[in-house]
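S.K.: Single-letter residue listing:
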Amino acid sequence: MKIPIIYNLRSLRQRPVSTLTTALGMALVVAVFVSMMALSNGFQSALTSTGSDENVFLLRKGAGAELNSGIARDAANVVAGMPFIAKGTDGRPLVSAETFVVIPLQRVGGGGMANVVVRGVSLAAFDVRRGLEILEGRKFRPGSREIVVGRTFARRFPNSEIGGRINFGGQDWTVVGHFAAAGSSFESEIWGEAEQFMPVFRGQVFSAITFRMSDPANFAGIKETLEADPRLYVDAYQEKEFYDNQGTLLNQILNFLAVFIAGIMAIGAVFGAVNTMYAAVASRVHEIGVLLSLGFKPRNVMSSFLFEALLIALLGGAVGCLLVLPVDGLVTSTTNWNSFSELAFSFSITPRLILYGMVFAATMGLIGGYLPARRAAKARVADALRR
Amino acid sequence: MPFVEIKDLAMAYYRDSQKIAVLEGVDLEVEEGQFVALMGPSGSGKTTLLNILAGLDKAESGSVIVDGQNVGAMSHKQLAAWRSRHIGFVFQFYNLLPVLTAFQNIELPLLLTHLSKQERRDHVRTVLDIVGLADRADHYPGQLSGGQQQRVGIARAIVSDPSIILGDEPTGDLDAASADEILTLLQRLNQEYHKTIIMVTHDAKAAERADVIVHLDKGVLTA
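First to last, the protein sequences are chains A and B. The numbering of the first sequence is our numbering, which starts it at 1 and goes up by one. The numbering of the second sequence is our numbering, which starts it at 388 and goes up by one.
The shape of chain A in the complex, shown without the other chains:
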């Protein structure tokens, strides 16, 4: 930059109203863009953190989702005896055969009904899934009608405090603990002992089996062995991949909307910037003439005005990011279309998203500033000086 930046800064301050309104227009665009990306980001991270790449996830062949799946108790026993399953500290295999039922429950504060996942697990499930921890209370005791609930669930449904009773499947269940699961979709679920849920819901059939591999690098071989075993009749997935794919469609829609809606708004904001910069150039033709007469080159003038547009845009981008920061961590929910159950997740604004927002703003500024800056650079010195 040959022409000093202070010239642009002070010139912007000379016309605060047009600078601020233009910046505010861009701020709104950036706010919408970043908040929608944050939504998509939060949704994705809820699903992504659900799966681990050390775990294998089994469903009945062709089922595709836990809701449609069924794995017989015999088959579950066969899987539990496989040699490639990692052992826990107590020497028992890290395998969890689980039942999966979706029930309707009333939300807190008359928020209507929502579908909730009731997952029947064994105590091993707490070790198979990494990042799982009991925040309050304790795990359920085998053989009792006790349940633990995820922390997101606890915030959104009544009677989920420790000692509370939740009625489903024609029984009362006592909440004995709240758990966290690294922000994953498990935090929206109710967990109890599979053996307790089976008679209540669907008989002696599991929905899915998850186990930890002793050698995660060998997933391909394990998958082949399991899928070829005639006693099992299962599809094997890497758990992380399975959950990642669940979110793909909704995520694509959210990302598309973010770009589409922000894109349309951006067109408006760019016109605002064009207008502002044309006005800036028009009112400073004489100054441009002076700069050129002193020996500054047209491209110096051009980059100076482009930079000025960029400054407005970056101001707008920063304001836009500040506007959306309060929604970070805000919890919302959607239906996970693969299980038809409620998945609560939070807006997640990451440094990367802030960067995207600023790049988005800068792009608007450069596009909006280009034509006016070019006009400034094309001014004829002698003519410009006469004005």
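Hint data in this document are derived by calculation from the structure and do not stem from the laboratory. Check each hint, because a few of them may be wrong.
Distance condition first, Cα-Cα at most 16 Å in a straight line; then the derived EDC-like pairs of lysine to aspartate or glutamate [unchecked claim]:
1) K87(A) <-> D215(A)
2) K297(A) <-> D444(B)
3) K445(B) <-> D383(A)
4) K445(B) <-> E419(B)
5) K378(A) <-> D444(B)
Negatives, chain A to chain B, calculated, CB over 10 Å [said to hold, decoys possible]:
6) Q14
7) V17
8) S49
9) A63
10) I134
11) R165
12) E195
13) V200
14) N275
15) H286
16) S293
17) L315
18) T332
19) S333
20) T363
Part of the chain A face toward chain B, derived, beta carbon under 10 Å [unchecked claim]:
21) P4
22) L9
23) V319
Quick reminder that beta carbons are idealized off the backbone N, C-alpha and C, glycines included.
With the hints as your guide, set chain B onto chain A.
M.R.: Coordinates of chain B only, in the frame set by chain A:
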């Protein structure tokens, strides 16, 4: 060989395909270190001649040679670079950037050189001393009187140590006292610092300060 040599210079504007001649067959020679006043009524082509000399405008025909260099043959890009090194331009209405301080205005031409920040500061301080505004460095143009603004304008014109100073009615917007100060300053630059000065004016009193007075009437030099 004269320092400035203008030969058979012609310039015209076209309005609705009608040719309006501004300069016709102008010949002018200025020796190095001379202080020349260019006089004439308004519309006589004085400013156009000065703009051509400064490389701000291009002549239609004829040649302009300054310090051995053919200004007329340079491209716009070359002209910009040449201007920043060889020409100090003093305008009638000062043409300072209102958002920059006196110091920053004077520093502008130096931003096109390879001088370091410290060197630039030293140069600006030096010329501020010469024009007698050392204590006004951080004032904005709006906070200065007309005469002070013009002194800033002169400081900006000489800060990159150009060989020639061109003044376009540098006292035209000033009261008599301020005008006198500015003329004294220009004379000092001419005598002490041996700057070649070509000054357009229509004020006979101002022209008296110069070594040579040249008259321009209807685009023709009448000497």
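S.K.: Verify the proposed pairing of K445(B) with E419(B), using a straight-line Cα cut of 16 Å.
M.R.: Violated: K445(B) and E419(B) sit about 23 Å apart, past 16 Å.
S.K.: Would the non-interface assignment of I134(A) survive a Cβ cutoff of 10 Å against chain B?
M.R.: At roughly 62 Å from the nearest Cβ of chain B, I134(A) sits farther out than 10 Å, so the non-interface label holds.
S.K.: Find the nearest Cβ of chain B to the Cβ of A63(A) and say whether that gap is larger than 10 Å.
M.R.: holds, 70 Å
S.K.: Quick check for students: does the CB of S293(A) sit more than 10 Å from each CB in chain B?
M.R.: violated, 6 Å
S.K.: May I ask you to test the interface hint for L9(A) with respect to chain B, counting a Cβ-Cβ separation under 10 Å as satisfied?
M.R.: holds, 8 Å
S.K.: With 10 Å as the threshold, tell me whether T363(A) passes as away from chain B on beta-carbon distances.
M.R.: holds, 27 Å
S.K.: Check whether the Cα positions of K378(A) and D444(B) lie no farther apart than 16 Å.
M.R.: holds, 14 Å
S.K.: How about P4(A): closest beta carbon in chain B under 10 Å, or not?
M.R.: Nearest chain B Cβ about 7 Å off; hint holds.
S.K.: Please verify that the nearest CB of chain B lies beyond 10 Å from H286(A)'s CB.
M.R.: H286(A) is in fact no farther than 10 Å from some Cβ atom of chain B, at 7 Å.
S.K.: Is the shortest C-beta separation between V319(A) and chain B less than 10 Å?
M.R.: Hint on V319(A): violated, closest Cβ of chain B at ~23 Å, above 10 Å.
S.K.: For S333(A), is the shortest CB-to-CB distance to chain B above 10 Å, so the non-interface label stands?
M.R.: holds, 52 Å
S.K.: Would N275(A) pass as off the interface with chain B, using Cβ distances and a cut of 10 Å?
M.R.: N275(A) is indeed farther than 10 Å from all Cβ atoms of chain B, at 21 Å.
Of the hints listed earlier, those the structure fails to meet are numbers 4, 6, 15, 16 and 23, in rising order.
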